[in-house]
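Whenever a hint applies, use it, and build me the whole structure from the sequences.
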Amino acid sequence: MTDRVGRKRVTVTHPMTRAVQSGRSDRTSSVDLRVGVVEVENEDDALVLRSLMQAQLTLALQSFGVLVGALSCVVLGLALLTRLRPSTLETKVFSVPAVWWLLGLLMFPMLYFIAQSYVAQVERLERRFQSLNRDQLKRDQLERDQKAKL
Amino acid sequence: MIAILSIGFVVVLSSVLGALSMRYSRTTSDFLVASRSISPRLNAAAICGEYLSAGTFLGLASLVMVFGVDMLWYPIGYTAGYVALLVLVAAPLRRFGSYTIPEFAEGRLESPRLRRLSAVFVLVIGFLYLLPQMKGAGITLRALTGAPYWVGVALVAVVVAGNVAVGGMRGVTFVQAVQYFIKVFALAVSAIVLWVATSRIGAPPAFVDGAPIVAAQSSVRVRSPSVLRLSLPTTIIADGVVDGRLVKGSLALSAGVHGVEEGTRLTLSKGTPVPQAASPEGRGAITNKRWYLPFQSSAQRDHPLYLSISLILGTVLGTMGLPHILVRFYTNPDGRAARRTIVAVIALLGAYYVWPIVLGVLGRRWAPDLLVSGGTDAIVVLLPKRILSGLGAELLTGLLAAGAFAAFLSTSSGLLVSVSGAISHDLSQNGGVRRFRQATLGAALIAGLLGLGAERFEINVLVGWAFAIAASSFCPLLLLGVWWRDFTSVGASAGLLVGGGAASLAVLTTMFGPRFDGWVGALLAQPAAWSVPLAFSAAIVGSLLTSTRRPVGVHSHLARMHTPE
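As given, the protein sequences belong to chains H and W, one line each in that order. First residue of the first sequence: 1, per our numbering; consecutive thereafter. First residue of the second sequence: 1001, per our numbering; consecutive thereafter.
No lab work stands behind these hints, which were simulated from the structure alone. It is possible that part of the hints are untrue.
Distance ranges between label pairs, derived from CB positions [to be verified]:
| id | chain 1 | residue 1 | chain 2 | residue 2 | range |
| --- | --- | --- | --- | --- | --- |
| 1 | H | A98 | W | G1392 | 28 to 34 Å |
| 2 | W | L1005 | H | S131 | 54 to 60 Å |
| 3 | H | E143 | W | G1432 | 51 to 57 Å |
| 4 | W | V1158 | H | R85 | 52 to 58 Å |
| 5 | W | G1008 | H | S95 | 50 to 56 Å |
Virtual Cβ for every residue (Gly too), placed ideally from N, Cα, C.
Here is the structure:
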């Protein structure tokens, strides 16, 4: 009967639901590392979070470094060859210049390999975090912070 | 005829699938992200279906045909972009749980104003990316049927507007997964058949002294006043104005530069060298040696090494900032699924990019006369009839036409969903499904009108610019938002305005401004190498200056993004 007094029906799954407010009902972690659902107010939670983020960031930067390194090697390598030994670039493999094989074909499996190995590592990292003891994590992070101060 | 039928088939298929899925599109959430119920594999195919646009279906082959090996950096950058996206932001963004980039901006930095500013950049990137799709449709239909340019543009704008307004994202997810397979199948089959045919019947006569030569007598009408460059003297049959003189009949041309007026018809006989379109200050035609060696194809601009590096940077960092791609991972159930989806995407992309490259190489062999007019963007659909004849050629042309339209429709749908979402949910308050539909129709109309004026730009160059702007605006926003505690909304706005603004200005100047040469021209044509660092600096300095305005919930936001499910 509430409809009669002018209340409109509203869609529950509305995208205006602010990201901040949307709860994480789909989390199914059995381990007590669900910092995401609690406010990170105390020092302990902040510590665990910092440790987790640091590990994630290190891994992300490593993999990105591999990507950048691989791309720069190819670009700069080709640029150097162009300057110093242009004749080597005319080498043909199965009647197609080797550069074309490299850039047109071989780069793609390489990129796939970088992506695949990152996913394997990050999933291992996250499994480890979920199975680790919270207290252990805090102790480790405190130790690292102390070392950083020294 | 077969070509028209197959275009019709793709258009009808897209519309029917879209309409069928309408039954499921009940809520706004269904509309925007398919209620997050899509499986990783289907989602990977859909992401590729959406990502592989006119730029790679038509534009890549065309660029390879004209400029050669330097253009292979485009597909490499487009694929490496997913690696960057994967390792830097994918899982955290999915775990954060917002639907679009503007929503992420607002949620993470707690600023509604930032959401609106981000939405403006969604529109800039979205429309710039829609242009080449419209152009692709216009020239493909013209190449196949002789219809005027605007017919193809109007067709795509109308079909996509209808599909998106009716089915929203839920509709286009299935459609796009199907469209990925149509595209790969069309390109792979054609490339293999045409390659085998070429080796059977033998390639056309070899190139003379490094200049491409005409495979079979052909006739070209010059569409706009242009400068042609010849590396060897030749004789052509002209009807029109060449070098300021009215010519009708046979004409001997010396090696060097010749001006040709609009509307002139040139007939090239078999075995003669091809005059190539060059910019007025052109640095010479691209001989075959310059074509197949890296960092040589500087016929258009100076500093090819800088251009290549900046292009790679823009495409690698721009991928994560594309509004229509990011919204797709929110259709994954969790961060882990988002990552696995991206790995599948990288594999699917690698399996795709080989084929347009092969077609581009074949194009240079079989259709060098297209280099005269510079109108090579339709080479993919024109190629079968250059090599084969009869039913085989008709069937392949039909297949490629279907694939090309699948490309225009899928990318345009995804972009239109994002652009309409930005208008109806970010720039205005309380947008419901009806507002979304109105925004869709309006945006499609604007995109169509802009598309009419896009004919003179190379398809893939337009796409590259959209990436460069995305890299200079959203990439810093997302990266710093995901990883940096001290990021503030003021810093984010500064990054968007300075980096995104500078890149947009550079692109606009290159498109419409006077022509610059040397370093200035190169820096403006590929801005990413300087505009991305500029954007990061502005964002970081802005945040450090306003460290008191750190979002209240920053710890909880970061925890949500980095905690595994």
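Hint check results:
1. One distance hint, 28 to 34 Å for the beta-carbon pair A98 (chain H) and G1392 (chain W), holds here, with the actual separation near 33 Å.
2. Under the hint 54 to 60 Å, the C-beta atoms of L1005 (chain W) and S131 (chain H), about 59 Å apart, fit the expected range.
3. Taking the beta carbon of each, E143 (chain H) and G1432 (chain W) are about 53 Å apart, inside 51 to 57 Å as hinted.
4. Range check, V1158 (chain W) to R85 (chain H): Cβ separation about 55 Å, and the 52 to 58 Å hint holds.
5. Distance hint check: the CB atoms of G1008 (chain W) and S95 (chain H) are about 40 Å apart, inconsistent with the given range 50 to 56 Å.
Consistency note: the structure conflicts with earlier hint 5 alone.
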